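> Put the two chains together into one complex, using the hints given.
One-letter residues, chain by chain:
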Amino acid sequence: MSKNIDPVTLAVIQNGLIQVCNEMDMAFERSAFSPVISEAYDRSDGIYHRDNGELIAQGDLGLPIFMGTMQYGTAEVIKRAKNVKPGDVYIANDPYLGGTHLMDVRFYRPFFYKGELYCWLANTGHWRDTGGAVPGGFSAHATDVEMEGLRLPPVKLIKEGVVDEEILAIVMSNIRTANETLGDVRAQAAALSIGEKRLTALMDRYGRDTVENSIDELKRRAAQQMRAKIAGIPDGSYEGESALDSDGIVNEPLRIKMKIRIEGGEMHVDMSESSPPCMGPLNSVIATTRSAVFIAMKHIFPDVPLNAGTFEPIHITDPEGTFLYAKYPRPVSGCAAEVSQRICEAVFVTLAKVIPDKLFAAPAGTSGNFALGGFDPVRNRNYVMYIFSGGGYGGWHDGDGISNGCSTIGISKTQPLEVMEQFYPVLFEEYSLREGSGGEGKYRGGFGVNYRVKIRRGRALASFVMDHGRVGPAGVQGGADGGPNRIMVRRTGEPDYILPHFSKDQGLHVTEGDTVHVSTPGGGGYGKAFERDPAAVGRDVSFGYYTAEEAAKRFGVAVDSKNFAVDAKATQELRRRTA
Amino acid sequence: MSKVVGIDVGGTFTDLMLVDEASGKVQVTKVPTTPENQAFGVINALEATKVPLSELASIVHGTTATTNALLERKISKVGLITTKGFRDVLELGRRTRPNAYGMTGTFRPLIPRDLRMEVDERIDADGGVVTPLDEKAVTEAAKVLMAKGCEALVIHFFNAYINTAHEDRAVEVAAKVWPNAYITSGTSVLPQFREYERGVTAAVNASIRPVLDRYIKRLREELASRGYTHDLLVMQGNGGTVSSSIVADLAAHTVLSGPASGVKAAAYTSSIAGFPNVVTYDMGGTSTDVALIRDGVPQVTAEFELEYAMPVHVPMVDIHTIGSGGGSLAYIDEAGILQVGPQSAGAKPGPICYGRGGQRPTITDANLVLGRLNAKKLLAVDSPVSVEGVAGIIEKEIGSKLGMSAVEAASAIVRIANDKMAGALRMVSLSRGQDPRDFALFAFGGAGPLHAVALARELAIPKVLVPVRPGITSALGCIVADVRHDYVRTVNKPVAVADVKQAGEILKAQREEGRRTIESENIPIEEIVYIHAADMQFQGQSHVLTVPLAGPEVTREGLQEAFEKVYFSRFEVRLPEIRAMLVNLRTAAIGKRKMVSLKALVDTAAHGKTLKDAHTETRKVWFDGGWHDTPVYFRDRLPAKAKFPGPAIIEQLDTTTIVEPDNTVEMDDYGNLIVTVPHRQGA
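Chains as they are written, first to last, in our numbering: chain P, 1 to 579; chain U, 1 to 683.
So here's chain U without its partners, still in its complex pose (with noise of 0.2 Å):
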């Protein structure tokens, strides 16, 4: 009884996961995801294993099933009471037009104004009564929006954050008539202000929620009635896992689950092979995911927006979606100057070398014709079309209007794609008051290993790593994430007269809470850890700054120091003649599940003997402006500690690596090859 099992169900494919404990063995099976109830494909996935279900000690699950479900607008009814005068809060947002140039575009709420009401209450900036609550009219309200037919319920109040009696006394009111527990209170997601995010993200909960509910119980009876006894996790956006028995209740939490899980296991990846401090790169066919990672645990932000005023600020890993993916277009623009992105041919019809149709030059038909894809083993081919037929569209599109060969033409493209990724890198490092010349660069995604290494070159990153399932990462993720729940609350006192006492009690309760919460779900853990942070600002800023404490014990001058410490390393400014604000207080409690060992993810027995037994053959492949006879070799068959120079490509089933010229790379003992950047100037 030591098989563990993570399941990630992506937008194509459903990866799972198996690892046996015991015995060392890892299984990995690859299931079509099934997108009207992404339930099959997750059996079919267990299925494809071969191992009882009654075998299985634990199944992590990371799901799109709510992202989806919002993106898609594919949600429950939802029906909102809120305090009188505001129901339209929802609608108006934070009054903003979707780019910054352009006056058009379209903005559709989540919950419809026929769907929004009203009742009589009012709770002032101090937490004082104004109006009391009319609770009749919040039964009336409830049954009104029954009986137009919505599901889940949001009620949410002015100024809760502060007070939250009148909301929890409408939830009890309501919960007489609702026909169901689909009631979201604003505060109970997020106990905040901002009444516009408060609520969207509430909004987001509640809509969500029946979906989640309704899935997750399917596939828990799905589980049960296979043999598998133990309880099923959900990743979370926050990168740990919840009970899958109380899941929906938070599920705006399950938003960026996926991406999350794999971010998680770049976390441990990378923790394991030593670098503790990476960057994660995981680019796809459309787009981008970029998240950092310090000290071994992933950034948490809780200011994430899922589109266009659309905030979810729930706790959630860091990630930063960038619009380039292999399917980005290139094309020139009416300056005459060299684009790429962030247009994509998406799935169909896809890069031109898919053979579906697609008739404009994309990175992934660049790569192909720099020979840095290899042309006989391009997945999800349909009809094939030959690299002279790729390169002749480059030259038509691109080359021919910028006076460039094929070749040259692709070179550009994938040089200009790399500019702006490392441009946007840079962004997200920076804005987070990171350097990124501070962190490895972790590749992963179909794409990521393809241009890691020129991207850490832009950045002065020295070191890549590219883990040993760079397609399976999220599975992984599953896998090793941990249990995790997040606590916040809203203090908003200066530092100089806030209550410390009162700050160390909240956070101490915090972490009963979160106690209490990891005992009551039950997972086999081993220990409990807490991470405590206070949101900081300087009197009058709007930004917040997260501040790590060390502990729930708490001093004025201590919060004083740490929080002027971040400030400056962030932002290179001292402010002693201005007040430091401690705005809000945060607890995360994490149950530590049993460490796997990555090692299991090596297939020892493929192993070459010596780096020839890994070679495939060599081709030629463009590298600064010539080609180069490059060695290619399959990745499986590379000898243990391998070392060796570049140029070289390294191939695999989901992916291909690139070395450069003046590239190092090596295997370590984990499998994950770690290729030295040197910093070129002038490159």
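Okay, chain P solo, but in the shape it has when bound (with noise of 0.2 Å):
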């Protein structure tokens, strides 16, 4: 049937489909609460189809992260849910059916047209806390998923337009920060209603049947062009790895082992050889797991476009016995913001192998979690404050990685630091690039950051979430890892103190006077170092960027440290002698 649709209502209808999402995406983010929505973009909006929950259509700047994720939980929605009816919407942050972790919050709407389900619209925001051991919900130590807060099956908070008090009243009493997190609730419902009206629109306009012929149609073209996309890789099977640091209990590495077969135009994804689960917050479920493969992907051919057909030729292996396939009750608040990046990761150093022209080397790839709660004597006022830290992005077939750049799977902004000292009771002595933290290589990777904060009044609990501490961001082509993550707490009178996991700790105390010290990772590099640019690595010395000893000895260029001059017979003696 889709044969009958002319080719220009299809692009109509598709543009059509993505207006709507990115309109409900601009009233959640401009009326929300919670920074991490308004400030960090942390949500996505998205139509799901009635049956499977299949993505139908998600906004034009939606979290990434979200974009696999949502519609394995509008399934589990579509599984539980009975006696549907107009403006009911539903709320679930579940991880095991279909989530990240608790603190991203779903919301589903029954989208019904002519007295008849249609589809649903769905959202997800990341609110500031959704109760457990640690503000925030970030708990490095949380051997079980209670230990992480309040765990919500899909139930259903608004009948038929109107709010369940009491259920909102369970919500709200289970978590911190409920005041605000009210204004969220109302603007993450908001969004929905405009999402309806505006789909009602459209459909008014086109006709049902023109639009489900259209949305069947766009599926199948975009699984089309995702498949010519992975035919351009050579068929074969790959192998790549990444690893995270630990998993805040047991001090080892979780191996990520990546096996990647390409077979006309299909790309089977193996994972099952990777460690096992752990005790630790770090287990990823599978929702997560399968969304971070098809986000790497989206990085890789960013413009396919984003409904299940883009994801039909990508078949994922469910890694069973392992830490990428959590099961109850195991604890998973790292697998949105850790164990998604390094899967991503995993997959870019595999295919960095083959079509390195598409590709780039490791980015620091950890959303750099720093929480601190604690009571200002001053404002008598418990607080909570993140701190979501940048890194390095690799290097890539055509130039240098950017500088402190956003997390793998997200797109969101760092909340200015006059804006935190406003808010609490901190100084931040420092905010600078980390100097020397770019892998090497022909291009090398982006710059890390250093900040140092001071606790000015109080006491307070500081937790960490990071990863890459333990090795750097991998280098691909012969360039060289970047700087790897680095934590200190330093406290009046005590020796400083290095986390003993490296990047993942919680419930450290932090009095007054006290400073915390983050080193984020750098971007891995690309391509051989001694191919650089001998003017480029001069330019890096001029900047501070390298010293001029580690421009002699990571890139073989020899540079005046004074007047910043390449000399450029003695960097062809370094470059001859040490290669």
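Be a bit skeptical, because a hint or two may be false.
With a straight-line cut-off of 25 Å between C-alpha atoms, the simulated DSS-like cross-links for lysine-lysine are [as the list claims (entries may be wrong)]:
1) P:Lys-569 - P:Lys-528
2) P:Lys-413 - U:Lys-84
3) U:Lys-609 - U:Lys-599
4) P:Lys-562 - U:Lys-148
5) P:Lys-229 - U:Lys-396
6) U:Lys-84 - P:Lys-562
7) U:Lys-77 - P:Lys-562
8) P:Lys-562 - U:Lys-136
9) P:Lys-562 - U:Lys-401
10) P:Lys-229 - U:Lys-77
11) P:Lys-353 - P:Lys-528
12) U:Lys-25 - U:Lys-50
I should point out that these hints are in silico values taken from the structure, not numbers from a laboratory. Everything numeric in this text was worked out from a predicted model, so none of it was measured.
Next up, the structure:
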């Protein structure tokens, strides 16, 4: 039947569906309270299939990690939903039912057209808090999901347009910062009703059947396009690996073993030889594991459209028995923020071996989550402060990596430090580019960040969920790894505390005058460092990105440490001798 | 002595409009822009009028000099002195990447790292001094930066928005050794929190200040030597003018000067025509600018980003650029779906029909094949290509892949392009809390009037207005712009506890400063009006809403009520349990210049007596899936008060207006074309 759609209508409906989602995204983001949503765009809105929850459309600026997960979540709601009526809204954050971590709270609204259930509108927003052992939910020491916070299976929060105040009261009684979250609940639900209005207008205009046929056709076309991209990768089996520092409890790396087999436009992904489930919160639920692979492919081929068809040629074997297929009650708070990024990295480094001209070295790949929860005696109130830091991106086939890029799975900005100081009793002593952290290569990695923050008054607990502290982000094509993540806590009268697990810890007592020092990873290098243009190295030294010594040792370039002139002859000699 | 001149320097042409208020005559000249020094083009345009400069009462100048300097990085060498520990803020940005998908791209800070110095000083978020300013270090840093060849200096201190003492003192100290006046402090350009945005805005200001200063000085001298005795006025991005004697100090305010004058002209023209609420739609060769005008006032924003990670957060007309223009390329993507833009054929090779070697179909080519553009009159054709030739390429590149004829394919290209532009336009108005249906569409630029009625139909906008001279709107904007200065001050207190008396005093002080500045400029004006507003949010939010205030006297209840009203109309949510915050107070001081009559723009002598006099030909034009015999009119010859139904094509030197079959078009007393577009469901 899809043959009958004229190509113009098809293109118009494609734009129209995305427009509905964009308008939901905008309404949500502009009226949200959680800075994670409004500043960091940690939210996504989409349209999902009525029968199986498949993705029909997503907004242009939805958070990448949610693009894959929300269809699984919708499928779980569809399985459970009974007596669905117009105006109903389900709330859920259960990670095992198509989710990520508990803080990502999903709303689902059935969309009825002329009295008939047509599809689902859904969105996800990262709430400030959903209860649990530590404010903000990133408990590095959690050993079951109950310690991570309040878990909601799909529950009808709004019944035919009326909020169930009793359910809302349960939710609000179990989370911190309930007042502000109330604003987020309204914003999140309002975004879906805006989507409903817009989608109704689209259906009215083009008719149910035409929209339906277009959706089918668009799915088919997206699959066709992704197949064409995959067909551009030579057939064969390829392997790669990445590793998380630890699970926060047992101090051993968690490995992701990536096997990718390309065969005639189909891509088979096997991660079943990865590490077994872990005690700490670095397990990944399957929805997140799958979504991470999709994000990686979308980063490599950014121009493929987003709907269920895009994922059709990508076949992911369920990694049963590994930490990438977490089942209740495994703790999972690190899955969306950290594990997903290691999965992306494993895809990147594996495919960089085959199609290097489409790829880049590994990015910092950590959300760099530092949470500080304490009491401010001057304002007489509790507070929770988060810092999500960026890091260097990998060098790529035509340029150096960006410094201080956001996480691979996010699109988020950091909060201005001046805003942080307004709200929390802290003082930033430094926020600087982390010299030398970019992995050397023909195209070097971007640089990470150093920041140092002092507690000005009161007592607080510091928690960290970061990664890439054991080894830095991988270089490719002969490039070097970027600098690894470093965290240090300096307390008055005590020796400096270096995290035993490199990048994860929780409940560290800090008080007035203590400082927290974080250095985030630099990106991996792309290509051999000795092939880097010596003039570019000279410029790097003049900017203080590397010292003259590093230039000689890491790039084989002789740079005068005073006037930054490059000595061509000495460079030749250095490169010849070391090569 | 009643001749006023507006000159807009665009990318290709420098447009001049001269209005003689005594005789009511208008003169228009167009000369090529001289990119190496725009002043030559300005002088050429003035000379082309043959009017002695001594007879001119005022010259208002819209310039792209600063915007281009920034985009092309032809900027001055700037040094930075900042708080210890923070010299990399300008390079690290807010932790972003250029695109949501794709991990590549580049970013270059305006001030390179070797020109960023730190000194001991620190102020906390309450304004208290944590570390005193090391004045000696400021002197030393300034000397180092001078030795490195810096021409301009930025002094940007952390938390200075709450207490400017250290920044002010450092400016004084540095001024003692700095060889020129080009010192910009962060808070002098933007006294608001957010260290990255404030710092970059200051860096933008510093890096174009010497460029603008030299350009304006030279131009003033040139004008004076040719007998001009009055002040040269410069358009700012906020849609108002400023005396050229002080424009360079706040050079960042001239970013978007050109497009802002277009919007200003639109506001002026549409208000007089009886349409105070319009969406401006300025479609050119590579992009389209869209802005909102409410109650005759262009909406102003302070959140503009010139390019990736380059915020310029001074008040500017809220112009949103969409990547669609006449040169946007049409292609079939890998999924077999027709796409149009954002890639563009640019000026070279340009559309196929320009005959400069372009071989890929563009929106302009599609319009030609559909009979909408006149093949005989295409501007800028180097070596002509036949319509059949263009159609052949469209059929090969697009039609054959979709099972369509050339004409069907061309129609599809225009349809998709319109659809995308309409979507973008909707997002622009919605993100500003407005429903496009409440507006008229003001179409200008070379391609705007070609697509305007289709967009209006798509968006259910009932009226389209095409001004008399859509190609030189910006020059008109210069003539009609008022003098304008904007002020902002951060308060950031809950409304419930804010000192409203002090808020009133802040607004009054801003008024006073505006009045003094305008008076010191010595520009003839009729009166000064003030616009007050408050940026507000609910506690805990990060976006602010700008709430208009009736005057400088504010009350707690009044603030709360006004905010809740604006918030509800934008988001359809009420949040009674959450506290409202008063974030910033804003004042715009506007010196109203004498009104210029728009009737002068119309050459009534050229008017025909009947519609027939304007009729040049009848040609086949494709509308709604079929060819229609469509009359073509020459706009200048249309009779007064002409009114007729579509389909019609109205041609003039600088644009072509499309009137679709079910439209009605009429010419008002000012020569504007007003097209009525019925709302068709399912069109």
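> Check the structure against each numbered hint from earlier and tell me which ones fail, lowest number first.
9, 10
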